[in-house]
Amino acid sequence: MNRIYVVDDEPDMVELLATVLRGEGHEVETYTDGRAALARVLEEPPELLLLDLMMPDLDGFELLKLLRLDARGRNVVVLVVSARTGHRAQLETLQLGANAYIYKPFSPRELAGQVRQLLAEREGSTSD
Amino acid sequence: MPVERGRLQARMARYIAFAVVVTLLASTASIVLYRFYSSRQALETSAQDFAGLVSVPLIQIADMYGEWGLKDPVSIGVARLMDLNPDVERLDLARLDGTLMFSASRDAVEFWPWDGPSPKISDTGLYGQVRSRVESAVRVEVAGRTVYRVVVSDEEEGRFLAMALVATFNYDRINQQLRRGLLIMVIALVLGLVVTERVSTALARGITSNLEDLHAGVRRIRAGRLDERVSIRSADEVQELADAFNDMTDDLQQTIGRLRQANLELQALDQLKVDLVANVSHELRTPLTALKGFLELLDEGELGELAEEAHRAVAVCRRNVDRLALRVEDLVQLSQVEKAWPEDLASQPIDLLELISMVTEVYEARIRSKNLLFTFEHPSGLPQVQGNPEQLERVVLNLLDNAVKFTSEGGFLIIAAEECDHEGHAGVLIRVSDSGIGIPPGELVRVFDRFHQVDQSTRRRFGGMGLGLSLVHHIVEAHRGVVWVESEVGTGSTFFVWLPCRSEADQL
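Taken in sequence, the protein lines are chains A and B.
Read the first sequence against my numbering and you will find it ends at 491, with the numbers running on by one and no gaps.
Read the second sequence against my numbering and you will find it ends at 1170, with the numbers running on by one and no gaps.
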């Protein structure tokens, strides 16, 4: 049982991500607003953050940057979920400190697999 | 002689010189000849007058010799008479029987004995004329010279003394005049030639220098300096030509301006289209993901078991959403094809190892999600190639994408890069091998065609319109590289991309 935050400005996307992750047995909190999500992450860091890139107000890139600047958010595992397929964007987010990248459209199975893997890696690194 | 400068100039100078020289020659020659003939005419007329005038006094003087045997007064009288005409050469006085009385030249008078034996006129024609009292005035050849000879008979009625005067005139004065005239003509010709050469060259240059200006203008336009105009104010055909040329340049400049503007608009429009395609496909992805995700969950019973009818309906929805998703991916690829024209190749040296590492790094999740065994084989370093990094990344990405797409779970995927010569040119060979379904031999050459996939069922199963590989082909060719594929059905495929190394020319 892991706590996962989902941030996406599209409520339907949030719904899908939450459904898949809950199906995997995780505790999921959803946000459609970047600022609220960032505040919550810094307040109580989750095991995993699913982050959309294209959002109004505070977008994924900015959120990631701010998160990594803060000591509390430095170790949060971030999976970027984006419709931007250009690997330039992908590389940029990885350089900003995202742990993995999955692009839309993905299948729930693909997402679940990625999440499992990221959590397992995190498990391994924290137990070391 | 500075005439060789410019063929037209030289030719015009020659024409002008020729015309001037011919005119000069004709006019001087006609003057000289006219002078010669009129002088000769005058000489002969005055010779005839002289002969007619002096015949009577001469006969009177001859009487002095005949009557009194006085030679000196006769000599003096004859000399005086001869002084009256500068052209007279000799005067022969003969009796009408053809015997000579005396012969006078400029130097001396030769007297023949009055009543003794005196010689006859040696010239038979003249002898006959004198005897038959024929008067004449003719140009004759005597001892190789041309002289004018006038024969005057004088027979006074009832007189004892009846004689004929043979006056011989030379043309020395006229000939000398002619020679002088010819000499002046030659001098005039030579001077004329020198002056004409200068003048005609200057005249020709006046015309051809304008032509040269015009030519310089043409060269400027060719060099793309469309703002400049030819300035020729010669008020002749050359200026007309220059003006027409300037007008043409105006039109050309306007047309080019319009074309440039139109091209800019087209480019903007094209960019708009590319952006639109990219944006639309991007905007489509999010709703598609939601649809696709929930349908998959429904279909796989994650959200509770469905009634059979409902399950069938969901399966149909799912298939169609998948198709829709693939069309959207095709749109993205299409927008990349549009960008891949060679003129947009912002070329720079590229380290392919770094490029492949970066692409595989971001692509790794996809490979892992399909549980493929992935390896990247490479030497410690590779020579640089010349090209556009984004497009070459697209090549690697599409090859990986293709391999992953056609390889089922648990298969392997190898990407390798090595130095390799192709047709004598150094380069780098990228190899992407998979354990996928393979390509039938007959289809091998067509996999790079746009919108081609092996068959319709493949398209349904694996999606896409086959733009990925055609884009690879397009980009590689734009980089002057080669792409080909080897494959065995059921075993897998290997795609090869060879890219040339930076040549000396590229480094300049």
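Do not rely on the hints blindly, as some may be mistaken.
[Unchecked claim] Pairwise CB distance ranges, derived in the manner of DEER restraints:
1) V936/B with R472/A: 48 to 58 Å
2) N438/A with E945/B: 33 to 43 Å
3) R479/A with H973/B: 18 to 28 Å
4) N438/A with Q1010/B: 18 to 28 Å
5) L1106/B with L405/A: 32 to 42 Å
6) E945/B with R479/A: 52 to 62 Å
7) E1052/B with L405/A: 48 to 58 Å
8) L921/B with Q480/A: 49 to 59 Å
9) L921/B with R479/A: 25 to 35 Å
10) V936/B with N438/A: 14 to 24 Å
11) D913/B with L454/A: 34 to 44 Å
12) L405/A with E945/B: 25 to 35 Å
13) D909/B with L454/A: 55 to 65 Å
14) N438/A with L921/B: 26 to 36 Å
Simulated from the structure, these hints should not be mistaken for lab results.
Just so it is clear, CB atoms sit at the ideal spot from N, CA and C, and this is done for glycine as well.
Going down the list of hints, with the structure as the test:
Range check, V936/B to R472/A: Cβ separation about 33 Å, and the 48 to 58 Å hint is violated. Hint check: N438/A to E945/B, Cβ distance near 34 Å, so the stated range 33 to 43 Å holds. Here the CB-CB span from R479/A to H973/B is close to 27 Å, well matched to the stated 18 to 28 Å. As the Cβ distance of N438/A to Q1010/B is approximately 37 Å, the hint placing it in 18 to 28 Å is violated.
As the Cβ distance of L1106/B to L405/A is approximately 56 Å, the hint placing it in 32 to 42 Å is violated. As the Cβ distance of E945/B to R479/A is approximately 30 Å, the hint placing it in 52 to 62 Å is violated. Look at E1052/B against L405/A: about 36 Å separates their beta carbons, and that is not inside 48 to 58 Å. Evaluation of the 49 to 59 Å hint for L921/B and Q480/A yields a pass: the beta carbon distance comes to about 56 Å.
At roughly 59 Å, the beta-carbon separation of L921/B and R479/A lies outside the given 25 to 35 Å, and the hint is violated. A hinted range of 14 to 24 Å for the beta carbons of V936/B and N438/A is inconsistent with their spacing of about 40 Å. Distance hint for D913/B and L454/A: a CB-CB separation of about 51 Å, inconsistent with the stated range 34 to 44 Å. At about 31 Å, the beta-carbon gap between L405/A and E945/B stays in the expected band of 25 to 35 Å.
Checking the proposed 55 to 65 Å range against D909/B and L454/A shows it holds: the Cβ atoms sit about 56 Å from each other. For N438/A and L921/B, the hinted distance range of 26 to 36 Å is not satisfied, since their beta carbons lie about 59 Å from each other.
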